[in-house]
Amino acid sequence: MSSTYTLAEIAKWVHGVVRGDASVRISGVAGVEEAEVSHITWLSDEKYAAKLRSSRAGAVLVDARFGETPMAAILCEQPALAIVTILEHFAPPVPRPPIGTHSAAVVAPSARLGRDVRLGPNVVVGENAVIGDRSVLHANVFVGADSSLGADCELWPGVVIRERCELGDRVVVHPNTTIGADGFGYQYAGGRHVKIPQIGRVVIEADVEIGANCCIDRAKFGETRVGRGTKIDNLVQVAHNVQVGPGCILVAQCGIAGSTRLGRGVVLAGKVGVKDHVVLHEGVQVGACSCVSKDIPAGSRVFGIPAVDHEQFVRERAALRRAPEMVEQIKALTQRIEQLEASADDRASG
Amino acid sequence: MSSTYTLAEIAKWVHGVVRGDASVRISGVAGVEEAEVSHITWLSDEKYAAKLRSSRAGAVLVDARFGETPMAAILCEQPALAIVTILEHFAPPVPRPPIGTHSAAVVAPSARLGRDVRLGPNVVVGENAVIGDRSVLHANVFVGADSSLGADCELWPGVVIRERCELGDRVVVHPNTTIGADGFGYQYAGGRHVKIPQIGRVVIEADVEIGANCCIDRAKFGETRVGRGTKIDNLVQVAHNVQVGPGCILVAQCGIAGSTRLGRGVVLAGKVGVKDHVVLHEGVQVGACSCVSKDIPAGSRVFGIPAVDHEQFVRERAALRRAPEMVEQIKALTQRIEQLEASADDRASG
Amino acid sequence: MSSTYTLAEIAKWVHGVVRGDASVRISGVAGVEEAEVSHITWLSDEKYAAKLRSSRAGAVLVDARFGETPMAAILCEQPALAIVTILEHFAPPVPRPPIGTHSAAVVAPSARLGRDVRLGPNVVVGENAVIGDRSVLHANVFVGADSSLGADCELWPGVVIRERCELGDRVVVHPNTTIGADGFGYQYAGGRHVKIPQIGRVVIEADVEIGANCCIDRAKFGETRVGRGTKIDNLVQVAHNVQVGPGCILVAQCGIAGSTRLGRGVVLAGKVGVKDHVVLHEGVQVGACSCVSKDIPAGSRVFGIPAVDHEQFVRERAALRRAPEMVEQIKALTQRIEQLEASADDRASG
Numbered sequence: 001m002s003s004t005y006t007l008a009e010i011a012k013w014v015h016g017v018v019r020g021d022a023s024v025r026i027s028g029v030a031g032v033e034e035a036e037v038s039h040i041t042w043l044s045d046e047k048y049a050a051k052l053r054s055s056r057a058g059a060v061l062v063d064a065r066f067g068e069t070p071m072a073a074i075l076c077e078q079p080a081l082a083i084v085t086i087l088e089h090f091a092p093p094v095p096r097p098p099i100g101t102h103s104a105a106v107v108a109p110s111a112r113l114g115r116d117v118r119l120g121p122n123v124v125v126g127e128n129a130v131i132g133d134r135s136v137l138h139a140n141v142f143v144g145a146d147s148s149l150g151a152d153c154e155l156w157p158g159v160v161i162r163e164r165c166e167l168g169d170r171v172v173v174h175p176n177t178t179i180g181a182d183g184f185g186y187q188y189a190g191g192r193h194v195k196i197p198q199i200g201r202v203v204i205e206a207d208v209e210i211g212a213n214c215c216i217d218r219a220k221f222g223e224t225r226v227g228r229g230t231k232i233d234n235l236v237q238v239a240h241n242v243q244v245g246p247g248c249i250l251v252a253q254c255g256i257a258g259s260t261r262l263g264r265g266v267v268l269a270g271k272v273g274v275k276d277h278v279v280l281h282e283g284v285q286v287g288a289c290s291c292v293s294k295d296i297p298a299g300s301r302v303f304g305i306p307a308v309d310h311e312q313f314v315r316e317r318a319a320l321r322r323a324p325e326m327v328e329q330i331k332a333l334t335q336r337i338e339q340l341e342a343s344a345d346d347r348a349s350g
Numbered sequence: 001m002s003s004t005y006t007l008a009e010i011a012k013w014v015h016g017v018v019r020g021d022a023s024v025r026i027s028g029v030a031g032v033e034e035a036e037v038s039h040i041t042w043l044s045d046e047k048y049a050a051k052l053r054s055s056r057a058g059a060v061l062v063d064a065r066f067g068e069t070p071m072a073a074i075l076c077e078q079p080a081l082a083i084v085t086i087l088e089h090f091a092p093p094v095p096r097p098p099i100g101t102h103s104a105a106v107v108a109p110s111a112r113l114g115r116d117v118r119l120g121p122n123v124v125v126g127e128n129a130v131i132g133d134r135s136v137l138h139a140n141v142f143v144g145a146d147s148s149l150g151a152d153c154e155l156w157p158g159v160v161i162r163e164r165c166e167l168g169d170r171v172v173v174h175p176n177t178t179i180g181a182d183g184f185g186y187q188y189a190g191g192r193h194v195k196i197p198q199i200g201r202v203v204i205e206a207d208v209e210i211g212a213n214c215c216i217d218r219a220k221f222g223e224t225r226v227g228r229g230t231k232i233d234n235l236v237q238v239a240h241n242v243q244v245g246p247g248c249i250l251v252a253q254c255g256i257a258g259s260t261r262l263g264r265g266v267v268l269a270g271k272v273g274v275k276d277h278v279v280l281h282e283g284v285q286v287g288a289c290s291c292v293s294k295d296i297p298a299g300s301r302v303f304g305i306p307a308v309d310h311e312q313f314v315r316e317r318a319a320l321r322r323a324p325e326m327v328e329q330i331k332a333l334t335q336r337i338e339q340l341e342a343s344a345d346d347r348a349s350g
Numbered sequence: 001m002s003s004t005y006t007l008a009e010i011a012k013w014v015h016g017v018v019r020g021d022a023s024v025r026i027s028g029v030a031g032v033e034e035a036e037v038s039h040i041t042w043l044s045d046e047k048y049a050a051k052l053r054s055s056r057a058g059a060v061l062v063d064a065r066f067g068e069t070p071m072a073a074i075l076c077e078q079p080a081l082a083i084v085t086i087l088e089h090f091a092p093p094v095p096r097p098p099i100g101t102h103s104a105a106v107v108a109p110s111a112r113l114g115r116d117v118r119l120g121p122n123v124v125v126g127e128n129a130v131i132g133d134r135s136v137l138h139a140n141v142f143v144g145a146d147s148s149l150g151a152d153c154e155l156w157p158g159v160v161i162r163e164r165c166e167l168g169d170r171v172v173v174h175p176n177t178t179i180g181a182d183g184f185g186y187q188y189a190g191g192r193h194v195k196i197p198q199i200g201r202v203v204i205e206a207d208v209e210i211g212a213n214c215c216i217d218r219a220k221f222g223e224t225r226v227g228r229g230t231k232i233d234n235l236v237q238v239a240h241n242v243q244v245g246p247g248c249i250l251v252a253q254c255g256i257a258g259s260t261r262l263g264r265g266v267v268l269a270g271k272v273g274v275k276d277h278v279v280l281h282e283g284v285q286v287g288a289c290s291c292v293s294k295d296i297p298a299g300s301r302v303f304g305i306p307a308v309d310h311e312q313f314v315r316e317r318a319a320l321r322r323a324p325e326m327v328e329q330i331k332a333l334t335q336r337i338e339q340l341e342a343s344a345d346d347r348a349s350g
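These protein sequence lines map, in sequence, to chains A, B and C.
Each residue of the first sequence is one higher than the one before, counting from 1 in my numbering.
Each residue of the second sequence is one higher than the one before, counting from 1 in my numbering.
Each residue of the third sequence is one higher than the one before, counting from 1 in my numbering.
Be careful, since some hints might not be right.
Copies of one chain are not kept apart here, so a pair can be met inside one copy or by any two copies together.
[To be verified] Simulated pairs of lysine-lysine, DSS-like, Cα-Cα distance not exceeding 30 angstroms:
no.	residue 1	residue 2
1	Lys195	Lys47
2	Lys294	Lys275
3	Lys294	Lys51
4	Lys275	Lys51
5	Lys51	Lys195
6	Lys275	Lys47
7	Lys12	Lys51
8	Lys47	Lys12
9	Lys294	Lys47
10	Lys195	Lys12
It should be emphasised that the hints constitute simulated quantities derived from the structure, not laboratory data.
What you are looking at is a predicted structure, and each value in this text was computed from that prediction instead of being measured.
Build out the structure end to end from the sequences listed, making use of the hints.
Structural data, given as structure tokens:
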């Protein structure tokens, strides 16, 4: 938090060019409205340029083609990506347990720990579990028997991975998330719900990040799978036997019901629900608070409950907005027709 | 995972009859599309029979009245129930802490443990709590003072049961679920929200199963109650003083607000919300993503926000789909009426 | 649970006046329908007076201006507030760990504990963390490095507070809630989602109460903030950089997306979703299951997906209810116009 860098130094991190005073010292990154004079801010698009005039930021990171700025600037090719690099430099170190096994951790003798693994207090690792090199298990994490983690994983406090699950390399799981709980499956018989054993497992591929307080259920049999590089926000439900493709984005409080499949790069906005046994093909985007109840073709944008094509949703929504007026219009038209009919009758009988 | 059985052996488990080669060896169960040659699959209905032709399964479990199948078959009376029995045979053993109390568990001296109880590491059991015979508390479970569990319960890691709650026999609670947190009750007075003490408790009846990361709040006073045999999926909210009847199904991410009552056998599909102080009578079914805001009579199927009778929902939905067209139709009708009126005026003045 | 008090004693607690037998002994509080003869109940409004006739309650707490009651009564000025006082007297003591640090807690040497702090078993407190006077950390709570709690806080089992977060005085957090997990931020580049470091923190002001299994994410930079006296129910999502004003109410399963701001006294009913980067001004109320996608002016009540002004929602809903009928009406009007046109043609050609 205490280090400062000159604009010249920061420009080097992002292969950028300084315009203005390169000796300005920067102590952190902030949004354009919150920034103080010791901060660098950034603009993703020139259309927000007006905001710079009222900003107190000491410097701004902009696209190489960006016009004049009221403060010193770093010009670079991809400011939205460059700011990530700058944030990484200013990020305070993340506190982690030291390398080794805390004295209050409980590790089964048959578990295999890779090199430089960090196990915090109260961590529990079951029989035959495998923890990959450099992986970090913060306090109070549970990894069940026969589960395996790849290298460089990070499990935050309270994470529960039940037995026989598999996490690839660089998987991050945020606190209090549950992976591998039984799927929700019952057979109704004899007046009661008989539990269907959930004997499958969960596979989380490499580079997946899973938010806090999520649930990813084990398969009835076979696998529930989350594809490589997919990012999951908080409080998300992934039911048994769901297949989430690679590169997907599942925003907070989404829920995906059993056996549904998401293709590559599918995006579910916040609070989306998806029915069981449907397929959302590659690149589908679902708007917030929608409920998908059928297969959706590749590349579609859908919205609503039940979700329909985005343009249809907008049309229907506009028509609904006019519906109260339509009630009145129909009433008025009916009266006018009655008058026309009455005068027609007059003529007929006249 | 490594055991195999002949079809003849498997048929005996389910009181079925083999059609075809009874010596086929089976190593597991799989869905009709995923099955390999060493798997048995099953069909719940003859209408899916076409799928069998492209299945690699070595055997199929079907209803006794099912026609020809391209692979060996076991014929039985209730295939959907029989498959549960078969899955139970193939289920790998569930890893549990051994009988006894782990050295890293913390059990109050006044707590009473039944016979053959299993307490994992870091389990905390409060004063005067009672744990029934053969119940299993996995690692990091918390059971508060004066709470009691029946026999054969299983609490998965991270479950929190606060004080003075009661769980019946054979209750299963999945990881990171919270039972008995304070209900959400405040009285607005003097410009602030004054907390209403939540002095009641939670009662979970026998044979209830509760998913992961759920919340079942204690009553303001009296009880929040979940009836016998009810099954609750993940991330479900049950507020203070709610009464859930026996045999209900609450699918993931449902929420039931305070003091609402659900009769026997009510089914809430995923993401349903139910208002406070309403009654859903016996057998009510609520469609996914619906929001129930009033009492619902027994046996009804409702849908939508706010939820209405299912047939009404379908009618309204169909009409909404036609609404953009109706806007155009009304415009056209208005023009035609104007023309009729104009020509009527011509005649009148002619 | 075992103490009883006379009506005369109870009346003193709330500065009330007894009407009827002041020597009646009361052992607890219950709702008007559940109350037994040893209970006191209360009515918030005279319009529910009829319910008293069938109530078995031994006494009732009513407004000073309330008419005759079938049982003894305490008359007071604010019965809804007075009942809180009475509940506090009848509340059984909350079990808490004793003052001091449990032998199975793990506290970093550099952490600073205030006076009379209570740390339960398996609590983990990180380097330089500060725990204010009389605060209670129940079993299995995690407080990360450099985080600080004010005085008289209570964190229930399984709560996770990550590093560098700040909680004010008298903050209560219910079980399995996560505060300070990384915000959900990625930059899409080179065919993958690059994580944006989340280097900010979370600030929870004094007198906030947060339910079970909630998630309040740390800011990308700067702060995610929950204002003084705000009350949050269970399973609520507050994303990075959200600013929740003071005195707000967020009912269960709400979600607020990144950088959104809620003014003072905003109320979100259950399951509400709010888009990122919008502002809900002071006193806004959002109906259950709504989805807010734009700024909302102060004092508005909104409803629906997307949320619109409450009156507009009611009008549109009523019109939608009539939409199936409108389809038929338009059909009928079209036929009548065709007839009018036909007879007009007849006349023209006649």
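Against the structure, the hints come out as follows:
Taking CA atoms no more than 30 angstroms apart as the test, Lys195 paired with Lys47 passes between copies only; the shortest distance there is 25 angstroms, against 57 angstroms inside one copy. For the identical chains of this complex, Lys294 and Lys275 are neighbours both inside a copy (7 angstroms) and across copies (25 angstroms), given an alpha-carbon limit of 30 angstroms. Taking identical chains as interchangeable, the C-alpha atoms of Lys294 and Lys51 lie at most 30 angstroms apart only when they sit on different chains, with a minimum of 20 angstroms there against 43 angstroms within one chain. Proximity of Lys275 to Lys51 under the C-alpha cut-off of 30 angstroms is restricted to the inter-copy arrangement: shortest distance 22 angstroms between copies versus 43 angstroms within a copy.
For the homomeric pair Lys51 and Lys195, the shortest alpha-carbon distance between copies (26 angstroms) is at most 30 angstroms, but the shortest distance inside one copy (59 angstroms) is not. Taking identical chains as interchangeable, the C-alpha atoms of Lys275 and Lys47 lie at most 30 angstroms apart only when they sit on different chains, with a minimum of 21 angstroms there against 39 angstroms within one chain. For the homomeric pair Lys12 and Lys51, the shortest alpha-carbon distance inside one copy (26 angstroms) is at most 30 angstroms, but the shortest distance between copies (60 angstroms) is not. In this assembly of identical chains, Lys47 and Lys12 lie within 30 angstroms of each other by CA distance solely inside one copy; the values are 26 angstroms within and 66 angstroms between copies.
For a Cα distance limit of 30 angstroms, the shortest separation of Lys294 from Lys47 across copies, 20 angstroms, qualifies, whereas the shortest one inside one copy, 39 angstroms, does not. Taking the shortest Cα distances, Lys195 and Lys12 sit within 30 angstroms of each other only across copies (21 angstroms), while inside one copy they are farther apart (60 angstroms).
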